[in-house]
Amino acid sequence: MDWSVLRDSSGAFGLGLLVTLEVSILALLLALALGVVIATLRAVPNRILRGIGATYVEVLRNIPLLVQLFFVYFALPSIGIRFDAFTCGVLALGIYTSAFVAEAIRSGIAGVPKGQLEAGLSSGMSYATAMRLIVLPQAITRTIPPLGNQALNLIKNSSLVSTISVLDVLGTANLLDSRSFQFVPMLVGAAICYLILTLPTALGVNLLEKRFAR
Amino acid sequence: MGLGWLFNIPTLTFLGWGLVTTLELAAIAIVISFIAGVFLAIGRLSQIPLVRWPCTVYIEGMRALPVLLVIFFCYFALPKLIGIKLQPFTAGVIAMSIFTAALIAEIMRAGILAVPKGLIEAALSQGLRPSQVLRLITLPIAVRQMMPALVAQFVTLLKDTSLTAVIGILELLRRGQLVFGQPPFQPIPVFALIALIYFVCNFGLASIGRRLETRTI
Numbered sequence: 001m002d003w004s005v006l007r008d009s010s011g012a013f014g015l016g017l018l019v020t021l022e023v024s025i026l027a028l029l030l031a032l033a034l035g036v037v038i039a040t041l042r043a044v045p046n047r048i049l050r051g052i053g054a055t056y057v058e059v060l061r062n063i064p065l066l067v068q069l070f071f072v073y074f075a076l077p078s079i080g081i082r083f084d085a086f087t088c089g090v091l092a093l094g095i096y097t098s099a100f101v102a103e104a105i106r107s108g109i110a111g112v113p114k115g116q117l118e119a120g121l122s123s124g125m126s127y128a129t130a131m132r133l134i135v136l137p138q139a140i141t142r143t144i145p146p147l148g149n150q151a152l153n154l155i156k157n158s159s160l161v162s163t164i165s166v167l168d169v170l171g172t173a174n175l176l177d178s179r180s181f182q183f184v185p186m187l188v189g190a191a192i193c194y195l196i197l198t199l200p201t202a203l204g205v206n207l208l209e210k211r212f213a214r
Numbered sequence: 001m002g003l004g005w006l007f008n009i010p011t012l013t014f015l016g017w018g019l020v021t022t023l024e025l026a027a028i029a030i031v032i033s034f035i036a037g038v039f040l041a042i043g044r045l046s047q048i049p050l051v052r053w054p055c056t057v058y059i060e061g062m063r064a065l066p067v068l069l070v071i072f073f074c075y076f077a078l079p080k081l082i083g084i085k086l087q088p089f090t091a092g093v094i095a096m097s098i099f100t101a102a103l104i105a106e107i108m109r110a111g112i113l114a115v116p117k118g119l120i121e122a123a124l125s126q127g128l129r130p131s132q133v134l135r136l137i138t139l140p141i142a143v144r145q146m147m148p149a150l151v152a153q154f155v156t157l158l159k160d161t162s163l164t165a166v167i168g169i170l171e172l173l174r175r176g177q178l179v180f181g182q183p184p185f186q187p188i189p190v191f192a193l194i195a196l197i198y199f200v201c202n203f204g205l206a207s208i209g210r211r212l213e214t215r216t217i
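First to last, the sequence lines map onto chains A and B.
Quick note on this note's numbering: the first sequence kicks off at 1 and runs consecutively.
Quick note on this note's numbering: the second sequence kicks off at 1 and runs consecutively.
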């Protein structure tokens, strides 16, 4: 076992760390945007829209992320839809996570007393306005801790993009492995990179949980 | 577009064995991770620092790592450390078990802490030894209360078994890849089929979890 390879490849790991961060942040933004839309769909009075929202969440939550990622990367090109590996990773991660984000927000909305929405409606607001100005802002504070957990899961799940040749932290470790055969130091190096990202995030989530705990 | 190339007995049997491997892997990992998780939870709640600290570090460290990294570690690095070559399936079982054990431990810890103190004191005052109280009172109540969370964790485990495709275990996803790698090279129907199989398994397991959730103890 040769631990010096770790020092020699710290630059490569640094770049991998940036790619992991980049994928995670872009996917998180996509997941939040989609998640808010789906959560709203699940809260509206229209039964068909609610059904669409519920189906979206259940389908995405119950199919493994790797299946979805491979679908975007390997299957979509067969019908002429082609993205580069990085974009595939962001899309698959973002869409998968959006289902969990939607569930977190939905339980947040469900936690806002019904009277709040009714008060908004009775003072002449449209459903959309009452939702946007009264219910969603209150729901957001309730959903911040579970959303933090989803962000944490997202960082860890982003490692799957290494299977479609994106050079994130794990992808970098695998590439260096295949050259040096120093599996132990390389994977330990990758683990340290992930701990650098996930431990502070987990600490932040814990603080938020305490702060928003009722 | 005919789908005879997919819906024929040999191909479906080939995929069916993949499902068997997936379920086998998940079932073994569920049993091992549950037992290990219970011990880790008890260890983390121990009064003895020499027991508590290693358990805490293990649980928090494992929870901070991606499961795919743990799978690669068990397949590529662990054999170098212990000097024994591991079959992909064995490495997969070890990886899924040691990873999920940390998550089960956190669920069980919450469950144990939620058991009313009066119940434990009542049992102790009846003359039961602490180990008996743990085995007969605390753990059964904790498991029942935490059943929904445990089932949700097992659904995650079942989904994560698909990651072992990348170390060459011939489970459902890997076999699906092999099928669409053959003529007529049409991945979409194959993905639709294996996604449906995963969906039915996970949704079924999750539904059982929800049923248990509504049952009061």
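Calculated from the structure, these hints are not laboratory results.
Careful: at least some of the hints might be erroneous.
Unchecked claim - Stretches of chain B that chain A covers, calculated by requiring three or more beta carbons in the stretch to come under 8 Å of a beta carbon on chain A:
1. 18-25
2. 81-87
3. 151-160
4. 165-174
5. 200-207
Keep in mind that this is a model prediction, so the values were computed, not measured.
From the three backbone atoms N, C-alpha and C, an ideal C-beta is built for every residue, glycine too.
The hints, checked one at a time:
no. : hint    : in the structure
1   : 18-25   : violated (count 0)
2   : 81-87   : violated (count 1)
3   : 151-160 : holds (count 3)
4   : 165-174 : holds (count 3)
5   : 200-207 : holds (count 3)
Of the hints listed earlier, those the structure fails to meet are numbers 1, 2, in rising order.
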